[in-house]
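Participant: Each chain is listed here by its residues.
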Amino acid sequence: MIAARDADAVRAVAHDGIDLGVLRALGATVGAAHMDELLAKLIDDIGRGRAAITAAAAARDAAAMRAPTHGLAGLAGVIGARRLHALARHVFAAANDDASYGAIRAEDTARLTEEIDAVLAVLARERA
Amino acid sequence: MSQSATSVLLVEDTPSLAMIYQSVLRRAGHDVTVALTGGAAQTMFASGRHPVVLLDLMLPDADGLDLLRDMNAAMPATKVIVITANGSVDRAVQAMRAGAFDFLVKPFDERRLVSALENAFAARRAADQPAPKPNAHAGASAGFHGFVGSSAPMREIYGAIGAIARSTATVFITGESGTGKEICAQAIHALSHRADKPFVPLNCAAIPHDLLESEVFGHLKGSFTGAIADQKGAAATADGGTLFMDEICEISLDLQAKLLRFLQTSTIQPVGAPKPRKVDVRILCATNRDPATEVRAGRFREDLFYRLHVVPIRMPPLRMREGDAVEIAESLLRAAAREEGKSFSHLSPATAEIFRAHPWPGNVRQLQNVVRNVVVLHDGTEVTPRMLPADLTAEIARGPIMPARADHGGAGMSRTALRALLEPLVGVPLAELERELIEACIARCGGSIPRASRMLEVSPSTLYRKRSAWDAQD
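Top line first, the protein sequences correspond to chains H and W. For the first sequence, counting from 1, position 109 maps to 109 in my numbering; every step adds exactly one. For the second sequence, counting from 1, position 176 maps to 176 in my numbering; every step adds exactly one.
Hints are computed from structural coordinates only; laboratory data are not their basis. Hints should not be assumed to be uniformly reliable.
[Stated by the list, open to error] Taking lysine to aspartate or glutamate pairs in the EDC-like style, the calculated list, with each CA pair at most 16 Å apart, reads:
#1 W:K197 - W:D230
#2 W:K342 - W:E353
#3 W:K466 - W:E434
#4 W:K466 - H:D19
#5 W:K278 - W:E156
#6 W:K466 - H:E107
[Unchecked claim] Which chain H residues stay away from chain W? Per the calculated CB distances, all over 12 Å, these:
#7 A57
#8 D61
#9 A93
#10 D117
#11 A128
We put the CB at the ideal spot given by N, CA and C, even for glycine.
Chain H with its partners taken away, still in its complex shape (with noise of 0.2 Å):
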């Protein structure tokens, strides 16, 4: 039988896109105590990659892209957020691929930020 709090994980993963288990982990690593402060730090780190990407994206600058996405998909992958580190990674090479910003669809930046969105999502239920 799942435990109510493993239920909750995999409703995680499977509708936010995030592994809760990964992300509790590392409340385990960090301590209960700093827990709030390293939710807090990862909503504004990945808050701060969402300006930029919009930003880049506004502007069709490929070079702007790459340091939002590579960052994202690094902190992405850390925190168990399977989705957003792909599609991060996915953005990262298109904006490696083409200089012109040509590599780059709208189609992957909208989801991009969409997922952004939802792991911003999660982790703010988890502080709260």
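Following the hints, position chain W against chain H.
Facilitator: Same frame as chain H, now just chain W:
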């Protein structure tokens, strides 16, 4: 200037990640200083307090590679471990060539981080000791650690091996049969800090599926029918050294799950053992298949692929190694002649020309068999065309059937050979063939769509559009 024996400078521009790494390292007993920018890192590094640096390659105000070079120039004894979210071999090789001690590709687990740090501190302490002895295989005529050949593609391979050997990263070696994948693995081991520990090769295709798990992880006596004694297993045997898993794509999905767990946790649990135990093993693996195609076909786990595919090395086929066939043949000839008590020393100019022109579909292994055949059946000092085995001359006459290769572009392949290759595929839907061919080309080009598009002679946008449509279908 004083250095704490365990002091680490962590250069990471993402505060949440810096906090996580700092927590892990402090729990492991290290004193950690965090720099969130390249500028701050330079200032803190100049204090000379940090024997080991963990450096993110992408920083907001500096190129991590430049910072790495500056650090190495200023304090060469410092061990710098680079971190990147981009697992491209070019970036990793660049970093290692620029003097990085090791590199980590995000996401990495806690144990991998701590292990890389411990290796760096150990190397820092042992900096004054002599380097590992050269490979025993590297005889005077053997070239680079068991390899023979000085073609440009092989010089690149030697450079990559030299650059990544001292890392603990997993290396995924691909290439056609007979291209020297195991020699490559042995060379990496021989040049690593693990050279004095075991190198354990395991051919996954040669072991029955139901025995492979106990071959890799071991078993206890009585754990299953036929387990008449304890068996240590290849992973435990390789503890401290290197485990080379050849034909990795042959392992079952069930064992792939166990291998993934092993890579994630660095623990093994022999069949029948009550609890797992930690081991320190570097994994090298190889296949003559295209692993990306195996992943798409559902025969190889994607998560395992990404765990293993940290540094890919593609061994070039002999036909791409201009001039190497003759160099290798003469080296093999002299060795075989010594063993067989013959006096052969070289190829005649006509034979050398044949060897140079032949594409050698069986690669070095085929060349080796031809040379051995000549030495056993003939006498003399010079190998002439009439000494060549009949199957080789027949192959030359009809034109060889080449393995399917994207980098060959099909342009050098006869229509007959191409038809022979395609015959087993008759009946497969065109769309499926197209997707497989395109993905194989992209994989061959290291994921670069512009390069793949040049190989396929289509525009990059065509490939992006097709991939997008496939993603939507999936």
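Participant: Against this structure, judge whether each hint is valid.
Facilitator: Verification of the supplied hints:
no. : hint            : result
1   : W:K197 - W:D230 : violated, 22 Å
2   : W:K342 - W:E353 : violated, 23 Å
3   : W:K466 - W:E434 : holds, 10 Å
4   : W:K466 - H:D19  : violated, 31 Å
5   : W:K278 - W:E156 : violated, 35 Å
6   : W:K466 - H:E107 : holds, 14 Å
7   : A57             : holds, 16 Å
8   : D61             : holds, 15 Å
9   : A93             : violated, 6 Å
10  : D117            : holds, 18 Å
11  : A128            : holds, 18 Å
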